[in-house]
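Participant: Given the structure of chain A, go ahead and fit chain B onto it with the hints provided.
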Amino acid sequence: MLEIKGLKVDLEDEDKSILKGVDLTVPAGEVHAIMGPNGSGKSTMSYVLSGKDGYTVTGGTATLNGVDLLAMEPEERAAAGLFLAFQYPVEIPGVGNMTFLRTAVNAQRKARGEEELSAGDFLKEVRAKAKDLKIDAEMLKRPVNVGFSGGEKKRNEILQMAMLEPKMCILDETDSGLDVDAMKLVADGVNALRSEGRSFLVITHYQRLLDHIKPDVVHIMSNGRIIKSGGPELALEVEHNGYTDLLAEDA
Amino acid sequence: MALPQRKQDATDTRLAAVTLPNGSAWLTKARNAALGRVSVMGLPARRDEYWRFTDPTTLVDAAAIDADVLPIEDNPEFSKNDALRVVFVDGVFDAAASDDLSLAGVTMTRLSQAEDITWAADLLGTLEERGQKPVERPLAALTTAMATDGLLIHVTGQAERAIHIRYDRKNVGADVSLHHVVKLDAGTTVTVLESGAGAARFASNMEVDVADGAAFHHVRAQGRDHGRRMNTHIFTRIGEGSTFKSFTLSVNGAMTRNDCIMEIVGDDATAHVSGACVGDGEGFHHDDTVFITHDAVGCESRQVFKKVLRNGAVGVFQGKILVKHGAQKTDGYQISQSLLLDGDSQFLAKPELEIYADDVACSHGSTSGAIDEDALFYLRSRGVPHKTATTLLTLSFLAEALQEIADEALAEDLRDRLAGWLDRHQH
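Protein chains in written order, with the working numbering: chain A, 373 to 623; chain B, 683 to 1109.
Since the hints were made in silico from the structure, they are not lab data.
Be aware that a few hints might be false.
Unchecked claim - Which chain A residues face chain B? A few, computed with CB under 8 Å, are given here:
(1) 425
(2) 443
(3) 479
(4) 480
(5) 554
Said to hold, decoys possible - Covered by chain B, according to a simulated footprint, are these stretches of chain A (three or more residues, beta-carbon under 8 Å):
(6) 414–424
(7) 444–453
(8) 464–471
Please read these numbers as outputs of a predicted model, since none were measured by experiment.
Backbone N, C-alpha and C fix where the C-beta goes; we use that ideal spot for every residue, glycine too.
For reference, chain A alone in the conformation it holds in the complex:
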């Protein structure tokens, strides 16, 4: 599904290297988690994969089902099946959540040469999916993320994911700022989307999210590289001992 080879990335405005050769493969249907100390490059990787400005790729490749991600515009990557759940979802006053969702869903369908969803079908689908995430009609009507609590914003991200049905989902610290119940709700939303044809890359600081979203593989990222990969027990090790031992091992 997602294949990253030797990915090297600099910050565009400064002479600073963030990713220093990332190798990572997420096969179809698997859930991989990335943990790592602050500043290790986790969020940068998610932004670079989804096409945010401000970064320069100096080496390596990233492909989604064999297609070069890095050569595409952000909207093309989305249409190709990539989805990033933002750590800080953006507020957009004056644009209704429904309008936004429908525009996005139909833009992707159009880009893939599929028929656009009718207003009726869209409404039916969004209502059903919103209900599972306990997003009420009022929240759907409001402007995108405006006046949403931290938990509501994250649930809204998952709703978008559910509506857009991507192949590769990257979750950037989706658990940050969530209480236990909200985390459970978000995790249930993610688990409902797990399928053979869909993969997940879950970026998190805490093992707790991984209790709810069980990963197949856990990677540890440090200083712009993946320094260790293992099973779910690796996350537990981090939870108990921190990164010190792992970093020492790597050194």
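Facilitator: Just chain B, lined up with the frame of chain A:
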């Protein structure tokens, strides 16, 4: 005070070319009085304080500049709205295209046909004259003098339908002045809609007297013709517990100067004026000039103006809140913002507050900015193409102004037109 010689000469020359329209005696008196005001004040010039950002030359010159006529759309603004339709073509009343001027709750006459109408004779030109202080508005007086037609609207109850005044164009060179007077009796309501580019050069006055407890709603769309030049004035006196709300959408147009002069004279009244404009190219100049006088207790005023500018378009905002001595508990809000879609465009803003009461809350803000890159990336990361995302974010920017329109159907009509314009005007 004598005018500077240059200004005196320019004014004399221009006024010498003016022929006042014929009309009943009271109207001729009002027109002559207005012309007298122009002669005393002198016509505006670039060096005047209130014309620093907008060159009045093409509004003042004796001859109008031709402007290409865009064909009337199949569904012009507000055509889906249930309203009594009054149509002027190049400033000339079009009886065939207009509805019969009878409406429950309203008595309506055309200015050009007005005989002795006491209320109109008492009102016409008086709000304009009041509005000449403390800032002179000679173009408004000129329009009062030269207006060939317009509507005299006396609202005596709840107007059964909205009144929609449509200004169509057929002639490339028409130079038009119209003057409307609206008098709302206590406790009455009316909605007045205006649409269309009007003329190659179009001047209009609207005097609105809002008696106690009455409500006046005004929504206006100034057409889409690129070359048209327009100067409009609204003068309103707002009584106790009453509501005045006005929104203007401007799309294209070589020159637009919209003045709105509001005087709140009764306690607990509400006065809102707002506008959205979109302009593309160096040939676009758009100026909103607002003056709100608070002369009563516990009143609320809002000014919300948003301008989207690209390719060298120029936007101007001059907005003043004057809170008079004793106008306590005034709540005044003013925001003027521009979205500059490139580095060539310009927004000039002059917000002013003058407050003589000590228990008031007034806030004002003015910003210029570009499209928010984070929001743009967010939308694109969801598969929304760059162009569509820019349109959405531009509508998002304009939303606060559009929200000032109370009638959702009218707001939706204008929002759709804006979206269409934005889609057409992107690279």
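Participant: It remains to establish, for every hint, whether it holds in the given structure.
Facilitator: Hint check results:
Checking residue 425(A) against chain B by beta carbon gives a least distance of about 7 Å; that is within 8 Å, so the hint holds. Contact between residue 443(A) and chain B, as hinted, is not supported at the beta carbon level, the nearest pair being about 15 Å apart and thus beyond 8 Å. Interface restraint check: residue 479(A) against chain B, minimum CB-CB distance 5 Å, threshold 8 Å, status holds. For residue 480(A), the suggested interface contact is upheld, since its CB lies about 4 Å from the closest CB of chain B, less than 8 Å.
For the restraint placing residue 554(A) at the interface with chain B, the shortest Cβ-Cβ distance is roughly 21 Å, beyond the 8 Å limit, so the hint is violated. Given as covered by chain B, the segment 414–424 of chain A passes the check, having 3 residues with a CB less than 8 Å from a CB of that chain where 3 are the minimum. Only when three residues or more bring their CB closer than 8 Å to a CB of chain B does the claim for the segment 444–453 of chain A stand; here the count is 6, and the claim holds. Residues of the segment 464–471 of chain A lying with their CB closer than 8 Å to a CB of chain B number 5, which satisfies the three-residue condition for coverage.
When each numbered hint is compared with the structure, violations occur for hints 2 and 5.
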